[in-house]
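Student: Listed below are the residues making up each chain.
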Amino acid sequence: MAITRNEVLAWLKAFIQVIADNKNYLTDLDSAIGDADHGANMHRGFQAVLTKLPGMEDADIGTIFKQIGMTLLSTVGGAGGPLYATFFIQAGSKLAGKMEMDLQDWADALEAATAGVVNRGKASLGDKTMVDALTPAVEALKLSVAENVSFSEGLKRSTIAAEEGMKATIPLVARKGRASYLGERSAGHQDPGATSSFFLLETAYKTWSNSSK
Amino acid sequence: MKKLINKPEDVVVEELKGIELAHPDLVKVHYDPNFIVRADAPVKGKVGVISGGGSGHEPMHGGFVGKGMLDAACPGAVFTSPTPDQMLEATKAVDGGKGVLHIVKNYTGDVMNFEMAADLARAEGIEVESVLVDDDVAVQDSLYTAGRRGVGLTVLMEKIVGAAAEAGHSLKDVAELARKVNSQGRSMGMALTSCTVPHAGKPTFDLPEDEMEIGIGIHGEPGRKRMKLQPVDDIVEMLMEPIIKDIPYKAGDEVILFVNGMGGTPLIELYVIYRKAYEICEKHGIKVARNLIGPYITSLEMAGTSITMLKVDEEMLKLWDAPVLTPGLRWGI
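In order, the protein sequence lines correspond to chains X and Z.
Going left to right, the first sequence walks through residues 49 to 261 as our numbering numbers them.
Going left to right, the second sequence walks through residues 180 to 512 as our numbering numbers them.
No wet-lab data here; the hints were simulated from the structure.
Hints may contain errors.
List time: in silico PhoX-like cross-link candidates among lysine-lysine, alpha-carbon distance up to 25 angstroms [said to hold, decoys possible]: (1) Z:Lys381 <-> X:Lys71; (2) X:Lys71 <-> Z:Lys186; (3) Z:Lys429 <-> Z:Lys490.
Here are a few chain Z residues that sit away from chain X, every Cβ distance over 10 angstroms (derived from the structure) [said to hold, decoys possible]: (4) Pro261; (5) Ala272; (6) Lys359; (7) Leu386; (8) Glu448; (9) Trp499.
Footprint (simulated), chain Z over chain X, 3 or more residues, beta carbon under 8 angstroms [as the list claims (entries may be wrong)]: (10) 83-90; (11) 146-160; (12) 200-212; (13) 229-238.
Note that the coordinates shown come from a computational prediction; the quantities given were computed from them, not determined experimentally.
For every residue, glycine included, the Cβ atom is placed at its ideal position computed from N, Cα and C.
Bound conformation, chain X alone (with noise of 0.2 angstroms):
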């Protein structure tokens, strides 16, 4: 099975929703161990993304992820507007021309993006950080491919993945970013860019897994 160019706006579209549903509880997160604004950044990116979701109906994959990388960087600021805007373009250009995708597209361009965002934000695994959701992930989506499973189930194992590795995130003494600056005091709380890294995967889980069995 393989998953359409209707399906991915609708994963978006339903992201959207879950970001703006859960915009509070990302900024409690960021206010812990940062500043207080990772949901009010990514509600404000993504509504942007909302109103250009009209303009990509005709689009292949490939070009709806690199705009919307684009419209994230002009309207998120903050590390996480630069973060996850090259988490799509990255994502977008494995993708470019796909009117739909397989369960190796996915793994590819979920490597491509995860890798983009270790170099842009030159993070590695236990920084505390959303490297720290999307690295499980993506082992879990090769291992997935490798085995050869329903793409249902890939996408059920990198959910897993990333909200182990979330949760991971709890006890971890910040290295990157603000939460840094707090040193042992960052450590018991739950990171907030690893945990809207985590609701991006669910989300393609939960929306996906009926159309690709």
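Starting from the known structure of chain X, fit chain Z onto it as the hints suggest.
Tutor: Using the frame of chain X, we list chain Z on its own:
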């Protein structure tokens, strides 16, 4: 939340409108993307100096746009770095043919957004140099942090570097001077209260009536440690000691001593702080050549202070004394 605002999402643009109405002789305001630019920009044959950062630190940076200081400032959302398109358009608007200097405070978001903007500007044929400010001794500069924050020294750098650009120095010289300022300046801050980001609607952290945060930045984030409130002289010692030790500043050094208010601390207290900081300098044989006292780099309504010391030479002092005409800082004109 009690604030004199309409809607959180309108605060920045409504502030910009106010600045535009208040200072048409000094600045112009560009919307979408948002930036404040010198009224006479671009100034031909002069290096353009721009900075930017999240809003909520007023008068920095927009209040420092004008003759003798910044050519443009890019305000982001409250406590959120601006976006590359803002810096790109501001860079183009101030390029007088001698290149543009970006003054970037060392925060993950600011660094990434300015990097992308500089790449885009260079692709359009504009010569760009970037200088990082990272003067906060409260943060250990190590592999395990994002590095020291850019705080109070930013104000002093913008003044001195802006004067050098005004005097016709080349981009290379202006950038070199900025790096020298950064290497010779250090800061540390503390808070008596948190502050409320308009979008968040509640204080970023809770701080009991009898406690304080030492080693805070300028974003309402908690500091390195929390402790019982103490007399101001002890607090000033706690801020000055790590600053003086860091470079270290030595007997015979001449400094600009900057006592900054975080937004909610009155001048009466800032002068009490200045008195003690001055005494500590004297005790160490450090000569306070100039001073700056007041709320210049704030953290919304946070009560607290930061102290910055910059070791100066004759050239820097001359540039510090040079005329400046901006909404937030003006002398010699």
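Student: Would you mind marking each hint as holding or not holding in the structure?
Tutor: Here is how each hint holds up against the structure:
1. The straight-line distance between the Cα atoms of Lys381 of chain Z and Lys71 of chain X is roughly 14 angstroms, inside the 25 angstroms bound, and the hint therefore holds.
2. A hinted pair counts as satisfied when its Cα atoms are at most 25 angstroms apart, and Lys71 of chain X with Lys186 of chain Z qualifies at roughly 16 angstroms.
3. For the suggested pair Lys429 of chain Z and Lys490 of chain Z, the alpha carbons sit about 10 angstroms apart, so the restraint of at most 25 angstroms is met.
4. Chain X draws Pro261 of chain Z into its interface by the beta-carbon criterion, the shortest separation being 6 angstroms against a cut-off of 10 angstroms.
5. No Cβ of chain X comes within 10 angstroms of the Cβ of Ala272 of chain Z; the nearest lies about 17 angstroms off, and the non-interface call holds.
6. For Lys359 of chain Z, the requirement that its beta carbon stay farther than 10 angstroms from each beta carbon of chain X is met, with the minimum near 25 angstroms.
7. Residue placement check: Leu386 of chain Z keeps its beta carbon more than 10 angstroms from all beta carbons of chain X (closest about 13 angstroms).
8. With a least beta-carbon separation of about 25 angstroms from chain X, Glu448 of chain Z lies farther than 10 angstroms from that chain, consistent with its non-interface assignment.
9. Once the 10 angstroms rule is applied to beta carbons, Trp499 of chain Z is consistent with being away from chain X; the minimum gap is 29 angstroms.
10. Note: the stretch 83-90 of chain X has 6 residues with beta-carbon separation from chain Z under 8 angstroms; the three-residue rule is met and the coverage holds.
11. Here's how the stretch 146-160 of chain X fares: 0 of its residues keep a CB closer than 8 angstroms to some CB of chain Z, so the rule of at least three is not met and the hint is violated.
12. For the stretch 200-212 of chain X, the stated coverage by chain Z is violated: 0 residues have a C-beta nearer than 8 angstroms to a C-beta of that chain, whereas at least 3 were required.
13. Look at the stretch 229-238 of chain X against chain Z: 4 of its residues bring a Cβ nearer than 8 angstroms to a Cβ of that chain, three or more, so the hint holds.
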